[in-house]
Amino acid sequence: MTSEAEPIITARGLRKKLGGREILHGLDFDIPAGRIYGLVGHNGAGKTTTLNAILGLTSCEGSIRVLGEDPFARRAQLMRNVAFISDVASLPRFLRVRELLTLVANIHPSFDQAKARQLLEGTDIRMQARVKELSKGMVAQLHLAVVMAIDAKLLVLDEPTLGLDITYRKRFYRRLLEDYMTEERTLLITTHQVDEIEFMLSDIMFMRDGDLILHMQMEAVNEKFSQLLISDATQKEPARALGPVFEETRFGQTVMVFDGVDRQALSAFGQVSTPTVSDLFVALMERPTSPRGEA
Amino acid sequence: MKSMLALIKREYIEHRGAFVIAPLILTALVFGAILLGFTVGRVDVRFSGSVFQLSPTLIYERAFLVLGFAWSLYLAGALFFYGAGSFSADSRNNAMLFWKSMPVSDLRIMVAKFIAGLTVLPASILGFALLSGLLVLTVMSVTMAMTGAAIGSVLPMLLSGFGKVAAALALAMVTQLLWYLPVLALVSAMATLVGRWAVPVTALVPLMVSILEWVAFGGLSPFHTASWAYLSSRLETLLPESYLEQWFIDESASFSLGRFTSELLMQIDWAQMLVGWLLAAVLVYAASEYRRRYVLT
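Residue numbers (the UniProt record's numbering), protein chains in the order written: chain A, 1 to 295; chain B, 1 to 297.
Keep in mind the hints are simulated off the structure, nothing from the lab.
Glycine included, C-beta positions come from ideal geometry on N, C-alpha and C.
One should not assume that every hint holds.
[As the list claims (entries may be wrong)] Cβ pair distances, simulated, as ranges:
(1) B/12 x A/117: 15 to 25 Å
(2) B/194 x A/163: 28 to 38 Å
(3) B/91 x A/175: 22 to 32 Å
(4) A/133 x B/28: 25 to 35 Å
(5) A/34 x B/174: 52 to 62 Å
Build out the structure end to end from the sequences listed, making use of the hints.
Written out as structure tokens, the structure reads:
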């Protein structure tokens, strides 16, 4: 059992080797309960491997505890309190929707079939339809309904909206936020469409080449990082003297991202704002690697 | 228990094509053939022609038993492909991560697949075998009645024959299943490793073992090794052959369930049976551990 003060996930020195190559370089992090985490990184950065370690799908060196359990040793028990979507296309295609709901109800002690049916009301998904007959968006809706009907403490979503159009993606996240999230639940999500989930995140983690290069609350991100838009070319050099972590030119204007520089000082050179998560991600991915484990 | 039953039911739903729909079509074809045989005069329903000097009961028992063994052959083939298909189906259907998101262990899922292959699916085929027997009986009775034969005195004997042969088929299916348990486990475990390639790979395993023994210890050929002899004896069909040969030749004897049963049970090497069960358990456990540790998609 975990006390309220205890993190829901704790990782220490998490390492993973595949084919002789180390793809996780000793990650250390804690994820407290009741937060919405975004895990962002390039393809191959180690996001899915980290999620797999959290979900008990792969073994790793180091230590990882989820809800106080070793996930790899006790995955089946852990799944009573953890739900995840790793691929929206992973629902069994041969089942009818009603068969799927009945099956999950018989397998999962925390699944509420009535709630799942209620969540599907108002959608085009018929109970008699086979999963393979549904469109990709409908399968995503169905999978989300199944997951949302599970009374889990931790929900992990790995690219849950991959391949879906913008309408379905927006509906997916809105529904998740409005109908599922409570203070007791923790959500950990990875997606490449990071701008679409920025509004709901409480914390952000950036991964690069198997390292965690950023791990902080969104409020802290807003305080720590600043974006400077310079229209006057003569201001570029003095601004550069303040040590931007990233610089690029957009439509003839220069954009710089600063880490821990006073906004008042920056405002003398141009327009200061908070970078979006995607801008910050691009900026930090370009920055030279920070010492391992420093996040 | 509830989750185990749900998982077994899921196997039934996933594989009902091979175990319900295809047998249903086959039964319809068999029924059509029987109906045609009786209606176009291929079968002398009066049982008084030169070909059939046998009593209707003896003909019926033989026909039903042959049909039953045909269904057993279908079951053997279907189960072999079921093992290869079901143990790799979650990967093939891209549903592995869904099942891993459920609070059931990989071992429980594999055991459910294996139990389904030993219970629900064979029971379905046995059901179709019995249905075929009943259809033959019905067509026989109706056509005999239509031609004025004394069906009232024959029907009880036909029903008795149905009961005896049905019991013999059920017993034969159960013993064969238990005897070939390690073969089903082997193809299933192989499927976890290599997917549907498990079918040819499993077929090659006895040969590979014999070749290895031959290379290591010598001998006339890989087919003259101890392992080949053992595997050949282990793969022999369990049937009371001497009784069946005698019964088929003897045109007056009714089917004896007692003799069929006693000779069948006496053939079984119970120590080998136990070894087979243990091997099957080890193979299913090893397959589940492989799936738990290495299979993600």
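Hint check results:
1. Range check, residue 12 of chain B to residue 117 of chain A: about 23 Å between beta-carbon atoms, so the 15 to 25 Å window is met.
2. Separation of residue 194 of chain B from residue 163 of chain A is about 29 Å and conforms to the stated range, judged on CB atoms against 28 to 38 Å.
3. Residue 91 of chain B and residue 175 of chain A have their C-beta atoms about 30 Å apart, which keeps the hinted 22 to 32 Å range intact.
4. Under the hint 25 to 35 Å, the C-beta atoms of residue 133 of chain A and residue 28 of chain B, about 27 Å apart, fit the expected range.
5. For the pair residue 34 of chain A and residue 174 of chain B, the supplied restraint of 52 to 62 Å holds, since their beta-carbon distance comes to about 55 Å.
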